[in-house]
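Q: Turn these sequences into a full structure, and let the hints steer you where they fit.
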Amino acid sequence: MKGINRAKSIRNFTIYGVLGFFSVVYLIPLFWMVSTSLKPDAQIMSIPMRWFPDPPQWSNYAKAVDSFPFFRYFFNTLFLTSMNVLGNTLTASLVAYSFSKLQWKGRNLIFYITIATMFIPGQVLIIPVYILFTQLGWVNTYLPLIVPAFCGGGAFNIFLLRQFFISIPDELMESARIDGASEFKIFRKIILPLSTPALFTVALFTIVFTWNDFFGPLIYLHDPSMWTLAIGLRGFQQQYSTNWNLLMAASTLTALPLIILYFVAQDKMMRGFTLRAGIR
Amino acid sequence: MGRKRSKYFRRKNLAGYLFAAPWLIGLSAFVLAPILATLFLSFTSYDMINAPRWIGLTNYKILFTLDPGFWKALGNTFYYMFGSVFLKVFTGLIFALLLSSALKGMRIFRTIYFLPVVLPSIPVMFLWMMMFNPRSGLINQLLGFIGIKGPLWLNSPQWSKPAMILMSLWGIGGIIVIFLAGLQDVPEYLYEAAELDGANKLQMFWRITVPMIMPVIFFNTVTGLIAASQVFAESYIMTAGGPLESTTFVNLKIYLLAFKDVRMGYASAMSWVMFMILVPMTVLLFRISRRWMDY
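Going line by line, the protein sequences match chains A and L. Position 255, counted from 1, in the first sequence is what this note's numbering calls 255; the numbers after and before it change by one each time, with no gaps. Position 146, counted from 1, in the second sequence is what this note's numbering calls 146; the numbers after and before it change by one each time, with no gaps.
Treat the hints loosely; a few may be bogus.
[As the list claims (entries may be wrong)] Here are a few chain L residues that face chain A, going by a calculated C-beta distance under 7 angstroms:
hint : residue
1    : 54
2    : 58
3    : 123
4    : 201
5    : 271
6    : 280
7    : 284
8    : 286
Note that these hints are calculated values from the structure, not bench results. Remember, it's a predicted structure, so these values are computed and weren't measured experimentally. Positions of the beta carbon are idealized from the N, C-alpha and C atoms, including for glycine.
A: Following this line, the structure appears as structure tokens:
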């Protein structure tokens, strides 16, 4: 009995040891970002390196924000993110309702195609879509980065919501139908209120994706006053390539909203990942 | 009666189509039509000023016989895809196994490992550029402490791709979380039965855990490969494709061809070849997609 206990505690000790070691390894880059953002110029690339800034230069943050239109880019990004959240949650839930609770000819075939498109590599789509938006005169506007969100919100979000809607019992809707409620009313009064956790997951995914998107803004937004944080940071880096402390301060500010969101809603974010893999 | 029924079904159909309408538009305009349009464009020469000119297989001939840069980019992309995904799946599974042990505090570890997944990619790339600096970067200074002279990382044609793969491992959290959920789905009684039969931990791992989570391993591998095939910003931001084109990936080439040189036809041919390479993987994944159709 004693032998077993000892074996068990050695095992637990090893697990804690390995996971603890790698936790430190995983946190170091983040720590390094914040630490660098607070360093005086002379300490940025010092050899040997310094773990902590001495003294911390909080003014770096003010300088970073002043050296490029940070707040403008912040609000541009916020605007795009809000529009995408609105479009994705609104239209993906409509479509998911159709796929889960309504019967129509071709439904299963189209759902099948939808699932297949979840795994299509984006590079095969981008050129014609770009040509289309160019011919519509939409390049250098926000439309190419917003309109697709209002066209169903993408296969993944539809799939995620459909899985959730299916778990809502049909009886709830049948009684409303007998009472003469329209499908839209059932959708709005019964399905949506029951689905807030799933809608929340879609919103979270959309926020993280839109906030971090680089390629879309890169090809569609040429006017610097329209840039998002991702593109704006790139411009900042090209201009101040040696000021790593200011760049890291701007980077930290860019990452901060997502880090806060993560600590508020990490379970929902992780759940989105597992749902996508088809695991309940 | 019959007419009433058909009217009922017509109305039902109509509601279905109306609710699905946004996606019927989105699916056709932003997915299905573009796939076909890319195929069509790949047989043309198109500069977005003059109308597309049909040139048959010329783009593909140039691609396969006269453009060594394409093969190089394809090789780089495969190197990155397989290197990054196999390492991520392998280490991700190990982490998930450790995290699934019913010990206290596992939640905290999970939180830490997943955190980099939500960080914005461009700031993360700047951060790693700084850490990869051969002389003053954090990584080589730490290696120096234990007496290892670190490589030139992003400045070296041999080490630039391994550096990017190393960076991609920071984003392993998504895979870990999926594995964790997969491991939870393995029914406990299988292990109990095996224990009664006197199986040891290693046997249980190979005979129960691995077969039961095979679909999850497969999912992580294939979606990982498809995602990694789209590697672009890493080279655009961190290396501009260098040094010596060692990080020129297919998508960087497509980007430069389409959006800098405006050679839409040739860029489309390249996209289509890459798509054809990835299609078998997508189809394989789709084959096991009963998982997605069920429940």
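Q: Going through the earlier hints one by one, which of them does the structure break, listed in rising order?
A: The structure breaks hints 1, 2, 4, 6 and 7; every other hint is satisfied.
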